[in-house]
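Student: Which chain is which? The protein sequence lines are A and B, in order.
The number in our numbering is simply the position in the first sequence, starting from 1, with 20 added.
The number in our numbering is simply the position in the second sequence, starting from 1, with 283 added.
Pairs of lysine-lysine, DSS-like flavour, derived with a Cα cap of 27 Å:
{"#": "1", "chain 1": "A", "residue 1": "K95", "chain 2": "B", "residue 2": "K337"}
{"#": "2", "chain 1": "B", "residue 1": "K337", "chain 2": "A", "residue 2": "K93"}
{"#": "3", "chain 1": "B", "residue 1": "K422", "chain 2": "B", "residue 2": "K290"}
{"#": "4", "chain 1": "B", "residue 1": "K290", "chain 2": "B", "residue 2": "K337"}
If you want a taste of the chain A side facing chain B, the calculated C-beta under 8 Å gives, among others:
{"#": "5", "residue": "P45"}
{"#": "6", "residue": "L52"}
{"#": "7", "residue": "I59"}
{"#": "8", "residue": "Q60"}
{"#": "9", "residue": "S63"}
{"#": "10", "residue": "G64"}
If you're looking for bench data, these hints aren't it; they were derived computationally from the structure.
Virtual Cβ for every residue (Gly too), placed ideally from N, Cα, C.
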Amino acid sequence: MALLFVAVPLKHIAGHPAATSIIGPIHGMAFLLYVWMLIQTVSGADWSRAEIARALIVAFIPFGAFANERFLKRKELALAGSVSPERKWDTSG
Amino acid sequence: MGYLWLKAFHVTAVIGWIGGMLVSSLFIVHVTSSRPLAAGESRMIEIVRAWDWKVTTPAMLLASALGMTMAVQAGWFSSRWLMVKLVLVFGLSALHGVQSGTLRRMARGANRSPPGFLRHSASAILMAIAAIAILAVVKPF
Chain A
21 MALLFVAVPL KHIAGHPAAT SIIGPIHGMA FLLYVWMLIQ TVSGADWSRA
71 EIARALIVAF IPFGAFANER FLKRKELALA GSVSPERKWD TSG
Chain B
284 MGYLWLKAFH VTAVIGWIGG MLVSSLFIVH VTSSRPLAAG ESRMIEIVRA
334 WDWKVTTPAM LLASALGMTM AVQAGWFSSR WLMVKLVLVF GLSALHGVQS
384 GTLRRMARGA NRSPPGFLRH SASAILMAIA AIAILAVVKP F
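Could you put the whole structure together from the sequences, leaning on the hints where they help?
Tutor: Shown next, in the form of structure tokens:
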């Protein structure tokens, strides 16, 4: 969000590219870390292909992380044993 | 930070990362082929997993961050050798992710066998790191 709402307007509207050159690589590293964590997580647990695809595809959509927040929270709770691991994510909201 | 300092820390981090991956590779093959586990091997799984989490993974992140810093400073992102190297680095990172998840699964005592390609991971890691070293040092294109 800092990249999208602060650094990119600063570069294209105000003509100051310095902010994107700092936040851009940080965003890149954060994205790579997310993909690595996804690979690590699905290799260590029983995720369905639909769940893996959801976690990956939503990462490419702006603000998609917010759409995945509840889904990931549910997976976390299932991992901790608070709810049944068999429970799948729903699409009701 | 000067280029040579960045390079020295980058190479150190890469050695820590690749060394940890080779340990995990051989250990996963050993555990997979020796089920049921012998006494004391559960403890060994915890030790290897702790090493992966506390040493290998931070070394991978440090190597990536320092490598990216060097590439930005030197303006290498338009070089083809770096693009090929990055593909190999992403492949190694993905393989490490699978190894790390497999160790976590083993620590939980899950019965499902790890992916079959992990049996060949040590050879794949050595071939990839040889290609990466040639690309980074010789910069052939």
